[in-house]
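Participant: Okay, here's what each chain looks like letter by letter:
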Amino acid sequence: MGVQLDHPLHAAVALPLLAALIVFPFVVLAIDEPFYVVLASRILIFALVATSLNLLVGFGGMVSFGHAAFLGAGAYVVAILMQHGVASAWIAWPAAVAVAALAALAIGAVCLRTRGVYFIMITLAFAQMVYFVFVSLKAYGGDDGLSLASRSVVAPGIDLNSDTLFYYVVLAFASTGFFLFARLVNSRFGRVLQGIRENETRMEALGYAVHRYKLGAFVLAGATAGLGGALLVNQNELASPGTLSWTQSGMLLTMVILGGVGYLWGGVMGAAALLLMEELLAAYTIHWQLGLGLVLLAVVLFAPNGLATLARAAGPGGRDG
Amino acid sequence: MILFLEQGLNGLQFGLMLFLLAAGLTLVFGIMDMINLAHGSLYMIGAYLAALILGSTGSFLLAVAGSLAGTAVLGMLLEISVLRRLYSRDHLSQVLATFALLLIANESMRILFGSQALTLNPPAVLSGPVELAPGFFYPAYRLLIIGVGLAVALLLYLLVSRTRIGMLVRAGASNREMALAMGVNVRALFTAVFGFGAALCALAGAMLGPLLAVEVGMGEGILILAFVVIVIGGIGSIRGALAGAVIVGVVDTLGRTLLPMSLRTVLPPTVAGNLGPSLASILIYVLMAAVLFWRPQGLFPARG
Amino acid sequence: MHRHMIRLALTLTFPLALTLALALPGAARVHAAERIRIGFLSTLSGPSAALGLDIRDGFALAMQQNGGKLGGLPAELVLGDDQQNADTGKQLVERLLKKERVDLVTGIVFTNVMLAVAPAVFEAQTFLISANSTPLQYSGEGCNPFFFSTSWQNDAVHEAAGRFASDKGYDRLVLIAPNYPAGKDAMNGFKRFFKGAVIDEIYTRLGQLDYAAELAQVRAAKPKAVYIFLPGGMGVNFIKQYHAAGLNRSTVLVGPGFSADEDVIKAVGEPMIGMFNTAQWAHDLDNAQNRRFVADFRRQYGRTPTMYASQGYDAALLIDGAVREVKGRIEDKAALRRALEAANFESVRGEFRFNVNHVPIQHYYLRQVVKGADGTLTNRLVSTVLAAHGDAYATACRMR
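Taken in sequence, the protein lines are chains B, S and X.
For the first sequence, counting from 1, position 99 maps to 99 in the working numbering; every step adds exactly one.
Every number in the working numbering is 1000 more than the matching position in the second sequence, counting from 1.
Every number in the working numbering is 2000 more than the matching position in the third sequence, counting from 1.
Everything labelled a hint here was simulated from the structure, so no lab data went into it.
On a predicted model such as this, the values are computed, not experimentally measured, just so you know.
Heads up, the beta-carbon is just placed ideally off N, CA and C, and yes, glycines get one too.
Any given hint could be a false lead.
To be verified - What the simulated footprint calls covered on chain B by chain X, stretch by stretch (three residues with Cβ under 8 Å from a Cβ of chain X suffice, anywhere in the stretch; the number is not a length): (1) 87 to 97; (2) 142 to 155.
To be verified - Ranges of calculated distance between the beta carbons of each label pair, as one might list FRET restraints: (3) S:V1286 <-> X:A2335: 56 to 62 Å; (4) X:R2249 <-> S:M1178: 56 to 62 Å; (5) S:P1123 <-> B:T247: 32 to 38 Å; (6) X:Q2125 <-> B:A209: 27 to 33 Å; (7) S:L1158 <-> X:D2284: 47 to 53 Å; (8) B:D32 <-> X:G2142: 31 to 37 Å; (9) B:L102 <-> S:L1158: 34 to 40 Å; (10) S:L1154 <-> X:R2249: 30 to 36 Å; (11) X:E2270 <-> S:R1085: 50 to 56 Å; (12) S:R1085 <-> X:R2249: 55 to 61 Å; (13) B:T247 <-> X:G2302: 23 to 29 Å; (14) S:P1123 <-> X:K2333: 45 to 51 Å; (15) S:L1299 <-> X:E2270: 56 to 62 Å; (16) S:I1080 <-> X:G2302: 53 to 59 Å.
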C-alpha cells in the first residue's frame, strides 16, 4: 500500500452531508424527539476534537495520549470566566482557544523532544498534571467540577440556552473547522507534516524545520481542542475533571483509531460511530460497554485501518481519496 | 518521627503492590513491544477470583493460590487467542484492542458479580495492629503485604538473573531480533511471560482486595500508575520496575502528609489540606516527565 | 461520478439509518397522562452503590405496597446509573428529561451529581424530589420551587454530631472528609455546633479507598476523637483500617448516621460496637408507619433498612400523597407544588413538615451500635440531640 498525500474534500460528499445536518433539527423536532438535537451537537463537538487529534496522530505521526488536557482547559476557561461574571462568548471562547494554544505550545515544546512510545507517555504525564491542578482548585469546584450559571451569551439578550440554536452554532464551528482542516492537510504545511510522519530524518536533511512544523501542528490541534472544550462546556453546562482525565484522552484516541488514522474523515466517522454506538447499545442493555468492546476488538482485528477504509473500499475506485 | 516511619512503611507497602503490576507490564512492554491496557483488568480479575474462592472456602491461602493459578491460565488463553495477533501491529492498534479487552473484562465482571463493590476482610489473625516499637502500632495485614512484596521481588531477581528462562527473558528485552535469530522459542516464551505477569497481577489483586474493595474499574487507576512506574524505571527492566514502584509509592504517600504539613506553615489549614494531596499526585507526573526528558530510557535501562 | 454517488449514498444513509434506528423505539411511545414516570437517577455501581440501591429499594417498596401505583396513577421507574460521576449524571438527566420525558426526578445520592443535574431539571420545570443530597446551594438564597428534600440539609446530621461531641467533652478533634462540596458542608455543619478545638481537618480524594496516610496523620495529632464524613465504601474502608491500625485504643470514632448504618455494620462487623452516630431516623423509632416499613423491608429484601432506604421510602410516599391530592393531574405544576408543600403523608420519622426552603424540620437522634439480643449488630436509638431542628440556610430563602 503506497502512502497517500492527497486528501481531497469532495463537494459531492460534503455539501449533501452539510445540507442533511442543516435540516436535521427540523426533522427530529417534527417527530418530537428533541433529545437528538442534543446528541447531534455532542457528536459534532467530538467530531471537531477528534479531527484535531487526527491531525496529530494521523498526519503528523504524533500519538498524543493527553489531548483531553486541551479539551478540559478550554472548558474550564469558559466556566471560570463565567464564575467571574464574564458570560460573553466573544470574550470567553477566544480566551479558551488562546489558553489551550498556549498550553499546547508549552507542553508541546517539551514533549516533542521525545519520540514514539515515550511521546505517548510524556503527553499522558502532562495531561495528568493539568488534571490534578484543576482537581486542587477548590475555588473552581475541585473534584466536583464547576457548573455554568447558563450557557454563554452571544449578543445582549441572546444566550445559547435553546438547544437548536446551540446546535447551529456548533455546526457552524465544526463544519468551518473541518473545511479548514481539509485545506490544511492538502496545503504545503500538510504535505511537509506527512513527510515528517513518513521519515523525519529525511525531511530534516532536506532542510525543513521539523521541530517547528510539529510544534505548529501540536499548537493548532490544542487550540482546536480548546474550542471544542468551550463548546462542550456549554453543551454540558458543567466543567468537570472528568473532561481532563486520561480516560477522556483514551476515548478521543479510540475515536480516531476507530474512524481511521490519517484519513480525512477519520475523526468525524470515529466520533459519530462511537457516540451513536453508545447511544444505540445503551437503549437496549445496561451492559452496552460489552458490545462496544466487542465491536472495537473486531475493528482492530478485521478492519485494521478503521471505518473510513470500509467506506472507501465500498467505492469501486478503491484508495483514491 | 513515628509519623515518618509509619508513612515510610505505607509508601513501601503501596510501592511493592505497584511493583507486582509493573513487573508484568514492563516485561510485556519490553519483550513483546506491546502496550497492554488490559493489564489492569487481570488485576481486577485476580481480585474477583480471590473474593469468589474466599467466599466459598473461607480460606485466605486457598483464595490467593487459586486466584494466582486461575488468572495465569486466563492470561495465557488471552495471549494465545487475541494478543498474539497484535505483536506485529503498531502501538495504536494495540491500544485500541487492549482498550476493547478492558471494556469487555469490566462489563463481564459486572454481569457476573453485579455492580456493587465486594468488601472482603483479611484473615482474623491479621485484622489488628502489631506493636513494632513502644507506642508504634502498625496494621499486621499491611506488614504481610510488605513481606509478600519483598519475597516476590527477591524471587523475581533470582529468576531473572540466575535461571535459563530469566536469561531468555533478558535476551528478549535487550534485543528481541537477536533472541529470535538465536532460535529462542519465542512463542512459548511470550505465552509463559504473559501468564507469569498475569499471576503477579492476581497476587496484587488478591492481597489488596481485603484492604481496598473488589470492584469493576479497580484496575484502571492503578494501571496508569504502573505505566508511570515502568517509564521511570526503564521499560523492560525488572530492577527499574522495583525502584520506580518504591519511588512512586513513597513520593505519593509522604507527599500526601508532608506537603500539607509544610504548606500549613504558610497557608490556612483548609487550603493546605486541599492543595497537598493534589501536589503529591502532580509530583509523580513531574518526576515522570523529567525522566522522559532527560533520561528517556529510564533510571535503569534494560537495553544496553 | 458514479463513484461519488456511491460514496454520497453511504455518507448519507449511515447517519440517517442510525437516527431512525434510535428514534423507532421511542416513536412507538404514547405520552399518556394516566400514568406517572419517575426518573430515578442514582449511584447504582461502584463502592458506594449500596446507597443508591437502598434508596431505590425503599422507593420501590412503597410503590409495591401501593400496588405499583403512586397517588392512584400506575407508576414507572426509569433507572439511570450516574456512577457517582457528575458528567455521566448530566448526560443521563438530559436523556431522562428530553427522551424519556419523566414527570419527576429523584434518587440522586451525591452532591457533586446533584449540583450538575439540578439546573437542567429546574429549567425543564420538573420537580426534583431529593432522597439524599440537599446542598446549601438549594437551601438558602438559591432555594427553588421545584426542589424538595425528604432527607436532611447537608449540614444538619453533622450539626447534631457537633452538638453531641461538645456535650461529651471531646475537646480535641480531627475532622476527615472527601474534598468535594458536601464534604465542606458537612464540616461546616459540625463546626457550627461544636465548641471544642478542631486541631486538624483532613481532606481526601472522593472515592479514596486507602487511608493509610491519613491514619498516620491522625495518630501523630493525638486527638481525643475523630469525626468522619465518609459516605458509602469510603466509610467502610476507613473504619476497617482505623481498627487495623489500632487507633481505636486511643481515640474515639464518631460519625454521621450513614457511616454507622446497617450496610456499614454488615461490612465491618465487630469493630463497630459502641460507635455513636447521629441521624434523623432510626429503625427502632416507635411509630406505626415505621414499624410497617421496617418489617416489610426486612421481609422483602432480607436486611434491615438504612437511613437511605427510609429517605427513598418517604420520597415515594411524599409523591404518592401529593399526586393523590391533585387527583392525578400532575400537569398542573402549581397545584402539585402546593400539594408537595403540604406533605400530606405518614412519614417513617413520625410528624413531617417542610421548612420554607422545602427541607424538613425534624428531630435528630443519637444512635449507638450495639449487639442485639439475637447476637446481631445493629443500631439502637439513644436520645434526641436536636428537636424540631431546621437548618442554617432557610432564613435566606425567599421562595418564589
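Participant: Does each hint fit the structure? Answer for all of them.
Facilitator: Structure-based check of all given hints:
1. 87 to 97: This one is violated; 0 residues, fewer than the three required, reach chain X with a Cβ under 8 Å.
2. 142 to 155: It holds: at least three residues are needed, and the segment 142 to 155 of chain B offers 5 whose Cβ sits within less than 8 Å of chain X.
3. S:V1286 <-> X:A2335: 56 to 62 Å: holds, 60 Å
4. X:R2249 <-> S:M1178: 56 to 62 Å: holds, 60 Å
5. S:P1123 <-> B:T247: 32 to 38 Å: Check passed, 35 Å falls within 32 to 38 Å.
6. X:Q2125 <-> B:A209: 27 to 33 Å: violated, 58 Å
7. S:L1158 <-> X:D2284: 47 to 53 Å: violated, 60 Å
8. B:D32 <-> X:G2142: 31 to 37 Å: With a Cβ separation near 32 Å, D32 of chain B and G2142 of chain X satisfy 31 to 37 Å, so the hint holds.
9. B:L102 <-> S:L1158: 34 to 40 Å: Given about 51 Å between the Cβ atoms, the range is violated.
10. S:L1154 <-> X:R2249: 30 to 36 Å: Given a distance of about 34 Å, which is inside 30 to 36 Å, the answer is holds.
11. X:E2270 <-> S:R1085: 50 to 56 Å: holds, 52 Å
12. S:R1085 <-> X:R2249: 55 to 61 Å: Because 57 Å falls inside the window, the suggested range holds.
13. B:T247 <-> X:G2302: 23 to 29 Å: violated, 36 Å
14. S:P1123 <-> X:K2333: 45 to 51 Å: Violated - the Cβ-Cβ distance for P1123 of chain S and K2333 of chain X, about 58 Å, lies outside 45 to 51 Å.
15. S:L1299 <-> X:E2270: 56 to 62 Å: violated, 46 Å
16. S:I1080 <-> X:G2302: 53 to 59 Å: At roughly 43 Å between Cβ atoms, G2302 of chain X and I1080 of chain S fall outside 53 to 59 Å, so the hint is violated.
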